[in-house]
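Peer 1: As a plain string of letters, each chain reads:
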Amino acid sequence: MTIEDTLQETFTALSANKVRSGLTVLGIVIGIGSVIAMVSIGQGAASGIQSSIQSLGSNLIQVTPGAARTAGGFGVSSGRGSASTLTQADADAVASGVQNISAITTEVTSRQQVTAKGTNTNTSVIGTDSFYPTVRNIFIDQGTFISETNDQNLAKVAVLGPTAAGDLFGTDDSQPSGLPDGIVGQTIRIKGMEFKVIGITAAKGGSGFSNQDDTIYIPATSAQRFLTGNNSVSSIDIQASSADAMQQVQSDTTSLLLARHKITDETKADFSVLNQNDLLSAVSNVSATLTILLASIAGISLVVGGIGIMNMMLTTVTERTREIGLRKAIGATRGDISRQFLIEALVLTLIGGAIGVALGSGVALGINALGLIATSISLESVALALIVSAAIGILFGWYPARRAASLNPIEALRYE
Amino acid sequence: MIEVDDITKTYGNGDNAFQALKGVSFTIEDGEFVAIMGPSGSGKSTMMHILGCLDTPTSGTYKLDGKDVSKLNDEELAVIRKSKIGFVFQAFNLLPRTTVLRNVTLPLVYAGTAPEERDKRAKSALLASGLAETHFLHKSNELSGGQIQRVAIARALVNDPTLILADEPTGNLDTKTGEIVLGTFQKLNEEHNRTIVLITHEPDVAEHAQRIITLRDGKIVSDSKHHTRRKAHTS
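Protein chains in written order, with our numbering: chain A, 26 to 441; chain B, 1203 to 1437.
Simulated from the structure, these hints should not be mistaken for lab results.
A virtual CB, placed ideally from N, CA and C, is assigned to each residue, including glycine.
Careful: at least some of the hints might be erroneous.
Here are some chain B residues the structure puts well away from chain A; computed CB gaps all over 10 Å [to be verified]: (1) Gly1216; (2) Asn1218; (3) Leu1274; (4) Asp1276; (5) Lys1284; (6) Ser1285; (7) Arg1299; (8) Val1311.
List time: in silico DSBU-like cross-link candidates among lysine-lysine, alpha-carbon distance up to 35 Å [claimed, not checked]: (9) B/Lys1269 to B/Lys1421; (10) B/Lys1427 to B/Lys1286; (11) B/Lys1224 to B/Lys1341; (12) B/Lys1325 to A/Lys43; (13) B/Lys1224 to A/Lys43; (14) B/Lys1325 to B/Lys1421; (15) B/Lys1224 to B/Lys1389; (16) B/Lys1269 to A/Lys43; (17) B/Lys1427 to B/Lys1224.
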């Protein structure tokens, strides 16, 4: 029996009961369609989060202080980052003692009430130096960023993030930046002290965990002197020269700081070194789990669709018992019969799979067009969906086909 | 050539055992037209199943063209059926929603014959069984009872079998149409030298054959040749 013959038989059999075939196919369409849509939503969300993390800076390693503890072995912890164990001197030591560092900067972060001409906002004020834009991928939209001289002179200058600038000076939608002209040069008050605005950073957009646009940057020395009142820093940001060097930079930084802080047991370190790649892989794990979750929920509907196929095939085998008997009488082998029913199931699921891929892609593109999530349809998920639908056809068609093939021709011919 | 030697067939086992055939022997030469007759329960259906290689005997041997087919398994029997046996059943077992031509080519499809050859042979089988060419592309459910049975005969012929086995082929037809179908069998026997075995319980039908084997309670009670066989009205 040639493939052409088999397909002709299949077409005749399936078109004999179009409504039933159509409804059975619909089960697979919904199953495959939802798998495709869910996976592309999951992957779209994952790549969105990953690009947010990458926008924090490339090849970034961040050193943050450890937890402040009250005295004693079981002292009360105030949480990571609360201790004042890191200083500018630590940063300088890392800069000179660790290889493969392309840039290093420090942050002295505090939350402050900021006022300007009758408006006020509560925002995070980051004291930093001229390397910050390089390390953290910040671009200047207007004016300049903090210079080395500003930092040395404890200058009272500030660079505003666009959100903070809008909160203080209002917005103007006619400008490309969305901000009114002439903000650079004005003064703002932080903790009662006047700071002159020297620049505005370009918008980066809300990036998942923290909004880098709702920030005010001032020189690190000024922040330490006027805002925090001590010489500790809240983080040291290191940019490794390449992604390959990150592991080495991370471990060298750790051992150098352990030595400087005279700590021998690494588990008792008073700081932690966070590698951006670790964060990325942690987030990737989370989003992969999310995608698997979505896909398995959709997969359940696929299994239900498969059961629909099996149900239809079993009904068909019963209805066509006499036909099977006749085919056997005129020389069809078990293989011929079982192949015929298996291919019927396979054709049903493949048609369902193809329509399902189209439907699922349509849903994913629709979500994309609505701007909810930037979904991405991967070729792999389409290929996988088609393979899975074929596998379901074989899996759920196998039992009915075997049942048809094992019918006794004499009894099948007598069947009423 | 068909050689049946001391065939028995027992269904069930132990106390429920029922012996449908109790030692049946006969030989049918090529080109014979034989009727196997008997009332219901005589074992003629069982005999047909064994002759048609749909079933195997419990004991005894059945040789078809010199080959012992009484000990074959299902798959081997299927191969014998597709090459050596053509069936015509009482109930019109054509595939519905399928053309006459496709129905007739089906045995050749399973035998793996090339498509062009299939159509050629199917057409000549249909013409031999007396169906007009205008009906070849009709769906099987658009035909009359007599036409359907002719298509079934053509399908039985198409693989050039050793034996055409007809199980009550006129059972669902009126007398006149039945006569026509029986005439078709006679014509095939006389003009094409086909070996035909007709299973029936009606003496009228059996009389169209050259030889009548009568079964009763699983045994042969008579086996007679009569040269003055009844002529059907061939149309």
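Peer 1: Each hint: holds or not?
Peer 2: Verification of the supplied hints:
no.	hint	verdict
1	Gly1216	holds, 21 Å
2	Asn1218	holds, 18 Å
3	Leu1274	holds, 13 Å
4	Asp1276	violated, 7 Å
5	Lys1284	violated, 2 Å
6	Ser1285	violated, 7 Å
7	Arg1299	violated, 6 Å
8	Val1311	violated, 5 Å
9	B/Lys1269 to B/Lys1421	holds, 24 Å
10	B/Lys1427 to B/Lys1286	holds, 25 Å
11	B/Lys1224 to B/Lys1341	violated, 44 Å
12	B/Lys1325 to A/Lys43	holds, 31 Å
13	B/Lys1224 to A/Lys43	violated, 50 Å
14	B/Lys1325 to B/Lys1421	violated, 40 Å
15	B/Lys1224 to B/Lys1389	holds, 34 Å
16	B/Lys1269 to A/Lys43	violated, 46 Å
17	B/Lys1427 to B/Lys1224	holds, 23 Å
Violation of the numbered hints given earlier is confined to hints 4, 5, 6, 7, 8, 11, 13, 14 and 16; the remaining hints are satisfied by the structure.
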